[in-house]
Every structure is written in C-alpha cells, then in structure tokens.
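Colleague: Next come the chains, spelled out residue by residue.
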Amino acid sequence: MTVVARSLFRIYRPIIVWFWCTVAVVAAVGTAVLAQVAEVKLSLWIIIAGHGLKWWLLVIGVMLVATHFKLYLANGVTRRDFLLGAGVFGAITAVGYAAMVPIGHGVEWLVWTAFGGPPESYPAFSAAGAVREFGHLLPAALGWLVSGALITAGFYRFRWWAGLLLLVPAALPLAVTDALLGIFGPEDTPSARVLPYAAGLTVSLLLTAAGTAAFYLQMRDVAVARTAG
Amino acid sequence: MITDIVLRDLTVRYGPTVAVDGLSLDLAPGKIYGLLGRNGSGKTSLLSVLASYRRPSSGTVTVGGVNPFENRQVMRQTCFVRDTLDVADSDRVGAVLSFAADLRPTFDREYAARLLDTFGLPAGQRVTTLSRGQRSILGAVLGLAARASLTLLDEVSLGMDAAARTTFYRELLADYLAYPRTVVLSTHLIEEAAELFEQVIIIDRGRLVLHEEADVLRGRGVTVTGPAAAVERFVAGRTVLSEQSLGGVRAATLYGRLDDADAARADADGLTVGPVGIQELFVHLTGAQR
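As they're listed, the protein sequences go chains A and B. Using my numbering, the letters of the first sequence map in sequence onto residues 1 to 229. Using my numbering, the letters of the second sequence map in sequence onto residues 1 to 290.
If we strip away everything but chain B, and leave its shape as in the complex, we get (with noise of 0.2 Å):
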C-alpha cells in the first residue's frame, strides 16, 4: 500500500517553459484528490512525474519515503490513466484489459468485464473504432480496475456523455469505498465531480494556489438570495464572484467567509445564505491571477 506522497521545489521545464514552478505538496494515504487547474497550469506534467512518466527538472518527489522513478514496487502500484490513453490502437478492447491483467497483479478481471456491461463498451470492438467519449470509458476502466494504491486520472471523462460520467462517478466512489486507495482525479467538470473530493488542489501556472479540505474550500465563500434590494445592500463593499437576478430577486456569490454578526444581518434582511460552489470559487481563485 503505497503511503504519504511528499513533494518539494518540484519544477518539470519543457526548454524555456516552465510547466511546474517550485510546488511543494503533502498528501496522505486513502484520500480522493480533486486536482484543478486551468489549462496549460500544469497539472498533466505534476501526474507525469508522480506516475514516474518523466523525471522532474528539479526537486524531489517520495512516495512512501522513495523516490518513485523507476521503483518497481511504486511504479507497480501506480496507474495513470491519461486523456490521450496509452493503449494499442489496433487492439480489441478485450485484449487491452487482457494485457492490463497479465502485467497488474492487482487488476481485477472481473470487474472490468462488469464495468464494460455497465458502460455498454463491447469486448470485441477496436480501439480504432472507438469515439472520444468511448476511449475515455475504456481509460476509467482501466483505472479502476487496477485497483492501483495510487491511481492518477487524467481528464479520463473527457468526451463521456452526461450517464457514462455519472456511472463513472458512482463506480469510482463505490469502489473507492470498497478498496480504498489514493485517487487523484483530475478535471474542467468540476461541479459534477466536486461531491467526490475530499481534498482539493488547485494549481495555476505551474504554482500551487490552494490545497485544502474540500468542506473547508466550500466555506470560503457564501450564496446571498433574497430582495433584490437588500442583496445590493448587503454585498457592498464585498468580494462578489458572481450575480443573478430573477424577477425581484437576486443571488449573490460572495468570496470570504460571513462572520456571526453578518450572519444575524442578512436573517434580518430575510436574506438566504447558502454555500458556494467549488467551480466558482476555482474561477475567481484562478481567474484572479490572469
């Protein structure tokens, strides 16, 4: 079982661009991370280097204490699923499991074969046939049913339709649940699949941003509902990440947390407060910096 994933100064340069610049992170055992970031912020490098796809350009990386490049015992625990799938793209979806199984000793056959039932993806299809929503089904499964003690997703819903992704919601938290390990899931969905995170890590350019518990993100900003009127006066002189307006009636998204007397105000004002979403508070967090 792979333990405690400790990263420091990491830095992963592509000639003169820099795709991760000096992150420092922790990451305990058994969590499902949330890793956001806008595009090109170089989450995809981060989950290169923790997979031991390539080495970092500086820094360090352990993993249960070691360095996990070229460490068999880590590497073998380790899947990264990547949105563009690493699979032959001649072969039948069968023998892409099958070849997952022969060389995972963790992979369970079964549970593949019961995922393809669930996702309806027949065995018998080339991978060369497959649609982008498909290939990234065959991508879940292949995560899921290594059954890695560190599993890295990489976009792997890209292109699934609204019930694949709901499937592979359930289907990950289930087996999460039943077979815990660290998950590190990385996503642009991030509403949809924000139930699923018990920490999350936001990175934007190559910098880490936040790194928090998923409850304690939700807390830094507050949904304002109520007349239009006492919305306004409410939020002035407040940080608003989003409005809207229906009617007579306004919400308001605020960034910061309401103390007990701003509390006690807005009930006076019937105001409704509720939380925020974990994408909102991902755009102001990111799109501050731009």
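For reference, chain A alone in the conformation it holds in the complex (with noise of 0.2 Å):
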C-alpha cells in the first residue's frame, strides 16, 4: 500500500467506524421497532447501508479533491503519486463497503434465526444472494466514487460554469451504474433492470474505468488552487 494510501486510512479509519455503527444501530432499531407493529418484509441494513455506502463513496470522492489533493501536495507528495494514492484507497473502500453488506445481511438473517426465524416475507440470505449483493453492490459503489472525484475535478480545475457543463458527463458513472446495477429491484432484491447482469456490468465498468482515465487527465497537472483548508 502508498504511503498516501496508509495515511488516508489513518484519516478515515474512526469515520468508517462511526459510519457502520451508525448504520448498524439505525438498522436494529428500526428493524425491532418495524417489527412491533407490522410483519418485517425487508431487510432495514440491505436498505440503508446499500444507500448509505453510495452516497458516502461519492463524499469521499468530493474529498479526496476538495481537500486531500491541496494537503498532500502542500506536504511534498506528487499528483502521481496522490492520485495513486488516492485510487488504492477508494477501491479498497469500496470493496469493503461492497462487502459489509451482504456480511451484514448475514447477521441479520443470523439474528432472526437465533429469535424464531424471519417472515416468510424477508430477502433469505444465502452465500449465492450474498455474492450476487456483492456483484452489484461493488461497481455501484466505484461509479458513486468516481463520479464524484470527477465532478469535482471539474470545478477545481475548470471555471464555475464549465464544471456545471462537466458536471452531466462526470455522473455517468454514477447513473448508469445506477440504472443498470441497483440493488433495489420490484422485491427489494438484487436485480437485472434494462441489461442482464454481464451485459450491465461491463458497461458499468467501462463507464467507471473513462471516468477514471478523464479523472486522472485533469488532476495529472492542474494547478494547486488557493482555497481555505
């Protein structure tokens, strides 16, 4: 691993871990108050940690330009060597975020079992379902990270107005991967939409892998801005 890659996860390690205690304290207290008052026909941690995670990769994709780049550069780490840096860590965050869910699927399916089992209702976990979350969970979650290092980059290197231009291309990634790859189908499952799973996946990835080229084109030379930290 980089040096900027250890040192990002020095910065992010308590912020990860509150993000997945946060989510594993909402998901069992809405699950046990869910369950009070209707039978459970979804798994509260598929939901919210399969959002969760999105939208949170997309923060750190903000970050990672808005603040790390300046930080990083300013303490004699070059772009190479940043966006390097930078890429490493966001995959394997990515990964494991991918990966807590169908882990976390896991113990709740676990959970219900140890309390009588769940309803009928429930999405079952099984290793199959848990590797099938993970095939979609993990390119969703690289579209939301480099979409959202790419809309950034567009505005920390460009003009306001030609980051707002930029800003349709560089959500690509996100979108489609979206589109073609969300988990929340008609049954709350994972679910082929418009594409089948190989078909959607590789343009998911595609997608990803030119967000990632034009990312790294626009960062490779641009300018430290002068922005307060």
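Hints were generated in silico from the structure; no laboratory data involved. Because the structure is a prediction, the values reported are computed rather than measured. There's no promise every hint is true.
Here are a few chain B residues that sit away from chain A, every Cβ distance over 12 Å (derived from the structure) [stated by the list, open to error]:
id: 1; residue: Asp4
id: 2; residue: Thr118
id: 3; residue: Gly248
Pairwise CB distance ranges (calculated) [claimed, not checked]:
id: 4; chain 1: A; residue 1: Tyr12; chain 2: B; residue 2: Arg170; range: 37 to 43 Å
id: 5; chain 1: B; residue 1: Thr118; chain 2: A; residue 2: Phe9; range: 31 to 37 Å
id: 6; chain 1: B; residue 1: Val6; chain 2: A; residue 2: Phe158; range: 30 to 36 Å
id: 7; chain 1: B; residue 1: Lys31; chain 2: A; residue 2: Pro14; range: 39 to 45 Å
id: 8; chain 1: A; residue 1: Trp18; chain 2: B; residue 2: Arg114; range: 33 to 39 Å
id: 9; chain 1: A; residue 1: Leu195; chain 2: B; residue 2: Asp9; range: 52 to 58 Å
Just so it is clear, CB atoms sit at the ideal spot from N, CA and C, and this is done for glycine as well.
Using the hints, put the two standalone chains together into the complex.
Modeller: Quick look at the structure:
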C-alpha cells in the first residue's frame, strides 16, 4: 500500500467505524420497532447500508479532490503519487463497503434465526445471494466514488460554468451504474434492470474506467488552488 | 540536497494577465533569499512554479538540473508555505503537524513541538479557531520543522505580532545555521527581515528588477546627515529617495554610490554618511516604474 493510501486510511478509520456503527444501530432499532407494528418484509440493513455506502463514497470522491489533494501536495507528494494512493484507498474502501452489506445481511439473518426465524417475506440470506449483492454493490460503489471525484475535479480545474457543463458527463458512471445494477429491484433484491447482469456490469465498469481516465487527465498537472482548507 | 535553481524566460499567465514575464534567475544553494515585490508583482506565482504547484506558461525551471514538476525527489525536498496556509481547517494544530511528519521524511517532530511552546500555540487548538497571526505561526512552524532543502515562505509572518515575528526571524536564522538549506522568503516587512537576507531578488510587474547580494544592494545608496544647509548643498543634482528634518538637522537618503571625492567633501562639510535601508531602495526601484 502506498504512503498516501495508508495516510488516508489513518484519517478515515474513525469515520468509517462511526459510519458502520451508526448504520448498525439504525438498522437494529428500526427493525425492532418495525417488527412491533407489522410483518418485516425487507432488510433495513440492505436498504440503509446499500444506499448509505453509495452516498458515502460519493462524498469521499468529493473530499479527495476538494480537501485532500492540496494537503498532500503541500507536504511534498506528487500529483501522480496522490492519485495512485487515492485510487488504492478508494478501491479498497469500495470493496470493503460493498462486502459489508452482504456480511451485515448474514448477521441480520442469524439474529432473526436466533429469535425464531425471519418472516416469510424477508429476503433470505444465502451464499449465492451474498455474492450477487456484492456483485451489484461493488461496481455501484466504484461508479459513485469516481463520479464524486470527477464532478469535483471539473470545478477544481475549470471555471464554475465549465464545471457545471462537465457535471452531466461526470455523473454518468454514477447514474448508469445505478440504473443498470441498482440492488433495489421490485422485490428489494439484487435485480437486473435494463440489461442482463453481465452486460450491465460491462457497461458500468467501462464507464467507471473512462471516468477514472478522465479524472486522471484533469488532475495530473492541475495547479494547486488557493482555497481555504 | 537540492542544488542550483535555474529559471529561464519564465512566464506565468492567467488568461490575459501576465503574472511573471520572461523572468530569468540563477539561485545558488544554501542561501537565504529575500523575494521582494509590490502587491501583484508575481512573487506568489514565481514561488508556485518553484514549488511545482503550477506549470509555467512558458520558459523553463530546473532544480539540480532537472524539471521539478512532478519530480518525486525534488518535490519531497521542497516546502512551500503560502499565506493562505494549506491545512485542513477542521484539524487540530497537533494533527496538522502529525500529518506533515507522516509525509515528510525530514520533518522534525520534536523541533515542531518546541516551536509550538516557543510561540505559545496550543497543539490542541483547532485551526479554524486560530487568529490570522496564529495561522501564520502554524505556517512558520510547518516551514521550519520540515527542514526541506528548498523552503519557500510566502508572507509567512502576515498578521504575527512584533514578538512573534522577532521569534520567527531568530528561529529561522538559528535553524538555517544548524541545518543549511535554500530559503526564499517573500515579505512586505522588508526592513525587519532584511538582516536575514544574503541575496535580494526584486521583481515588479512580473519582471526581474534586481538580483544581488544584500550588502551590495545596501551600497547602492547612502544616508547623509548634518546641518540642513550643508545637506542641501551636498544633495543638489543627486537622486534623493527621502528627506527628514528635525530642527536644523536634515537627513537625506541618496540613490547611488559616493566616490572618494564625494566622501571627502561630505566629511569636510561636517556631514555623516551612513548606509541606507533596503526598504527605501526597494521603494525607489519599484516605485519609479509605475
């Protein structure tokens, strides 16, 4: 792991712990309350964690450019090393977040089982289902992360109106991946939408890769802006 | 250790605005340079290029014979502290220093902690709550403790009180003597920082006005003090930068060196000849062009 990636993990470790603790508490309390008033037909964990991770990775993408880029360069790191380290950090974080959703779903399933079994309509947990959830969430997480970084890079490098114009193509990885691989289908389960999964995955990853390349091209020689920290 | 810095026909443009205009400079290593210029003269743009914060629009920069832009070795040994201070406002002072120490192999944590004590800046205080002067102190601590071969300090004493500035100049000189490196100090507080400068670079409207040894620059002018009538006679026909009178005594600052005959004449007229401050020469050299 690079120096930059290690440093970013040191910064984000407490924030990541808070994020997942908060999601766990909200999902547990929400499920307990829901179970008192109605039959639980959904996994609150999947909904909260699945949505939360995408927005959280979008924020990380924004922060990498808006806040961290300048701080690392001010401490003698080259743009290339920062972008590489940020990429490693972002990719590992996306994998970890995407893995946490099926892991949490499994834990939720075990808790339900310990208390006499989940309701019939609750989304059952299985190894194959966990892989499917992960397979949908990881490309989505990467797409949202890259879009966050790319949108901010447009405003960072260019004037505000150019950043606004670039906002639409910069949001494509996020929007397309969400449309093709969103985990919340008609039955709140991973579902292929417009395209079969393999095709959706290919299109999503290609767009995310293109977004990553565009991000690198914008940031590789950008001037370090004079903005407040 | 960073060696020679060479700039050739360096130009920095922001749209139609030319911040640095065809500037050429040679900076030898291991000196303290005073970078002087009026507001908008291109000082920060020049330092930004030296620090690889931006590419020049045209011209070349080499540090130790290589282009510093995106050069890992050079950038690691370069520390640029801007007046706006590149730190996270939400962090505490201690966290800012730890972050720098994690990334800079030459950063001296113990020295940084000592400097905080010397300046009276609490490590637990958040950056966002610091006053303008305290932010500058944090910048000074970052710049000094980094012990970078090329240290670029841009208006780093902005907002510091007199005591803090005195401490900063003293610490800069002491640490520079203990750990020699190239320091470029940009400041508008010329007179009080002038004693630190080994060489002075003056730029105006992005162009190089002057680059020479500080002592040579001081020799470009003299102050003549004595009876008003005698001073008036002596300065007739010379370039007078400034004049002050008190009772029957007048002091005139002249631009230009005195030859032996002039010095003898001044002595004969009962006039005292002394050195002139860099600030007065700076005002003359840059003011005349506007």
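Colleague: Take the hints in turn and mark each one as holding or not.
Modeller: Verification of the supplied hints:
no. : hint                            : result
1   : Asp4                            : holds, 20 Å
2   : Thr118                          : holds, 22 Å
3   : Gly248                          : holds, 52 Å
4   : A:Tyr12 to B:Arg170: 37 to 43 Å : holds, 39 Å
5   : B:Thr118 to A:Phe9: 31 to 37 Å  : holds, 33 Å
6   : B:Val6 to A:Phe158: 30 to 36 Å  : holds, 32 Å
7   : B:Lys31 to A:Pro14: 39 to 45 Å  : holds, 44 Å
8   : A:Trp18 to B:Arg114: 33 to 39 Å : holds, 34 Å
9   : A:Leu195 to B:Asp9: 52 to 58 Å  : holds, 55 Å
The earlier numbered hints are all upheld by this structure, with none contradicted.
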